[in-house]
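Participant: Once you've looked at the hints, dock chains B and C against the given chain A.
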Amino acid sequence: MTISREDIEKVAVLARIRVDDEQVSALEKDLGNILDLVDQLSAADTDSVEPMAHPLNAVQRLRADEVTETDQREAFQAIAPATENGLYLVPRVIE
Amino acid sequence: MQWDIVIGLEIHVQLATRTKIFSGSSTAYGAEPNTQANAVDLAMPGTLPVPNEQAFRYAVMFGLAVNAEIERRSVFERKNYFYPDLPKGYQTTQLERPIVGPGYVDIDLANGKSKRVRIHHAHLEEDAGKSLHDSFYDELGHGMTGIDLNRAGTPLIEVVTEPDMTNAEEAVAFAKKLHGIVTSLGICDGDMSQGSMRFDVNISLKPKGSETLGTRTETKNLNSFRFMEQAIAHEVERQMDILEDGGTIVQETRLYNGDRDESRSMRTKEEANDYRYFPCPDLLPVEIDDAFIDEARNSLPELPDARKARFMEQYSLNDYDAGLLAGDSRLAAFFEAAAERGKDAKLAANWVQGEFSARLNAEEKSVDDSPISGAQLGDLVVRIADNTISSAGAKKVFEALWAGENDNVDAIIDAKGLKQVSDTGELEKMVDEVLASMPDQVAQYQQESDPKKQKKMLGGLMGPLMKASKGQGNPKLFNEILVRKLGG
Amino acid sequence: MHNKSVAELSRELESGKISSVELTREYLGRLKKEDEQLNSFISITEEQALADAHAADEQRAAGKATPWTGVPFAHKDIFCTNGVATTCGSKMLANFVPPYDATVTENFRQAGAVCLGKTNMDEFAMGSSTESSYFGATTNPWGLSRGEKRVPGGSSGGSAAAVAARLVPAATATDTGGSIRQPAALCGVTGLKPTYGRVSRYGMIAFASSLDQGGALARSAEDAALMLNVMAGFDPKDSTSLEREVPDYTATLNEPLKGLRIGLPKEYFAGNLDSAMEQQVRSAIREYEKLGATVKEVSLPHANLAIAAYYVIAPAEASANLSRFDGARYGYRCDDPKDLMDMYTRTRAEGFGAEVKRRILVGTYALSAGYFDAYYLKAQKVRRLIQQDFIDAFKEVDVLMSPTTPSPAFVQGEKSNDPVTMYLEDVFTVAINLAGIPAMSVPAGFIDGLPVGLQIIGDYFSEARLLNAAHQFQQVTDWHQREPQ
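Chains as they are written, first to last, in the numbering used here: chain A, 1 to 95; chain B, 96 to 583; chain C, 584 to 1068.
So here's chain A without its partners, still in its complex pose:
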């Protein structure tokens, strides 16, 4: 299976990873090889097989609706790239 440059560029945008032209060429080869490897899957007969999302056949436990958390803003924002007035700052969204 080959993966096109367009597909790589599209996926890179979805994944929010900048790739330059040179990297796209390298990725074309590497991702193509990886997809060749995983294409073995198509040989498997999986008719009537339920997809398996989880290794264990267990069900979710639910938590009681009780506040257990206290304000830790100072500790969390001490490791933040940029904050002001208790807000996380990020570059403005250009839509």
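Everything labelled a hint here was simulated from the structure, so no lab data went into it.
Restricting the straight-line Cα-Cα distance to at most 20 Å, the calculated cross-link-like pairs of lysine-lysine (PhoX-like) are:
{"no.": "1", "chain 1": "B", "residue 1": "K511", "chain 2": "B", "residue 2": "K562"}
{"no.": "2", "chain 1": "B", "residue 1": "K514", "chain 2": "B", "residue 2": "K562"}
{"no.": "3", "chain 1": "B", "residue 1": "K174", "chain 2": "A", "residue 2": "K10"}
{"no.": "4", "chain 1": "B", "residue 1": "K315", "chain 2": "B", "residue 2": "K271"}
{"no.": "5", "chain 1": "C", "residue 1": "K998", "chain 2": "A", "residue 2": "K29"}
{"no.": "6", "chain 1": "C", "residue 1": "K587", "chain 2": "C", "residue 2": "K615"}
These numbers were taken from a predicted model, which means no experiment stands behind them.
Facilitator: Below, chains B and C alone, put in the same frame as chain A:
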């Protein structure tokens, strides 16, 4: 050309749980930014979600209230997209197996008819945080956006309807009905100004009678019934203009600005995100058993439809009044307090829907913020019904109550001297004196044959009578005496 | 002293022969000196370790000791440690100091163990050689004396190399597709990957959530049992951890193996298995037969599809798990972003290394519209077939045995430019993660002076039996006691 309008709604209902859907952080509104965002809400590395049982209970209660099937085994999925108010880079939501399956709600329309709106499903998900586009700048002067993640992880149910509505009235009636249901259930505080309920409207047009649906647009994040009504009108007109000019509708998401009555495109389908949904591996399937559903069913309070029927029966209200008062649980409770104290339920209903609701609207207050109680309004109703005060006097008492001048109706009546004079002997004396002072008007009245004009002339006599009684004469009695004396 | 096991150190501390402070000083001295060659640690937390050792001595004096009180060890740098940098081997988290502990970290703290630092790893646990760490590759202590720089395996290569070189008696590790067992094999130490859900994942930085599992790297099965005693258990903070009783894993180590039914999956011994490797594994199995076990061939018909399924599912989950590294709230942010998109794309392009980016892109692709069914959904179906193979096999036998890796430690740089060749390192290990069952790797011989591992695979929650089987083997062999020069 004639068009059919097709409207479907997606409604985000914030659940009134104490804590978030996947963490033990408080959901209380109005805290300092990011003080209610813990490691899980901030998507710190290695942290994991643990679901809140109450969110499931509320979702099940909602499902039961809208006659829906409850999914016994629901699954959470990740919806992947990047945005700064979405810390994990994905929203944990439900797609394939939502907790609430198909159901329906019946809405009342102004023409007296009722209509069934089908619900496609309702699913549980987490809310995002808030972006504040204030004036923040980095050291190079670039504009920055502030992110507050207190709201991130607040539980929501997203209710998705079938495209069953055909105009703004129906859509708003549905929205109000849903508001009444979730507030009656107590699963949402219903405070739209704080974003507790937000509406997305899907609209398309098709030639009248056509079977084929047209291309739809989605107008997002409407947070009042009024904006919703305006946005629908705006979007219908916009689409109609395009179609009648021979154009085509682009499938897109639009943002409506209610203050300017404008909308703009947010993104088209081509630009739409590829959300890459897949089952969230940090969460297991949630199984809801019969006991859980029965417990939720037993805890259901009275819902608007049942309440409406009761109001019609218990208070002899007509269909329309009962529907309006029963729709909102707080208004209903206010009315019941007023009716109980005031005895005259019809009069209480008129005051709750009239003066009281108008005043709330004018001041953009909710019933909870009302400075007067239902019982106080009931006291007022008592004094209107027993003729102690006139309706003009009652308005003055209402004003005084609202302004907090005094909380006792009788004390206000006394202080303002609003008590009506209903002693007929005294009133007759006043009538005689006034008629004697106005012989021309009396003669004119007696010569007039048109009863309408006569009625008008009576009005002209009321002024001097009220003046003579210093405003305290019972207008109804004055009227009776006048008619008798003049007609005789 | 550095050659003693956790069990032995625990006894020495208990007898008062040595204090934890003395022991910790000795280990720290050796660690700082020896690790210059190995680069098995990302950070050494000397001050904290000595403070913890001091506290441990007081605990012991107060008669409140656990077997771990005062015993030195290390954490893989994937477990969050409150107040201590937790990097996951990435530039993205090079400056990340979590204000919280992983549950595993908390458990060792409670037990009184003394953490000497954080061990090196492949970036975000994605790799089989510990070459993709932002903090430089770790070198395998085996082969060093011959002047060879070989990989320790990965992704827990730092933990495995440190244990092999006797820098710590034991270290935590994680295993998503073989990241405990493969480095254990390549470094000649004992590794245990428990059943999925046995050890809490809270605070363990996620790679692929349905596959990740914390576990142990130690020199012996007995020490691995002591580690699991601390690590295992239900955690209300991890929805996928299981409410199930935790046995004392040391209690059953000495059960006799008579009657143990061993299955050899024929697919794992097929045509292209290296003959030297096969010889080592078969001779290890003969030791088991001497101990009274019976051996039969079994089949895992879908074994050949495991790598393909794994390299769809793991990257798909990773692509979402790693979205939180966006430069907004913690970790790396690129310089002078001109707008939000620029911040995202440059932060992630600069903060992640090549292999992490490849996996995010593959995972994103596998989940994207038009490919979801053919890749992700198909892989999930194959995953069930693979699980069923194991369920069927365990109807016939108690444990399965195989080589842990196709070959011994390779030379650094040999495979790092060819992702697919590197992926094939995991050929015997990934199916276990897909099924969620436990497995161990125990030292089972040498090829050209390099250690090889025997993989022992068990049914769900059979850790006690695996540890028992490994311990009994280690009573009659001394491969696990060999020390690199």
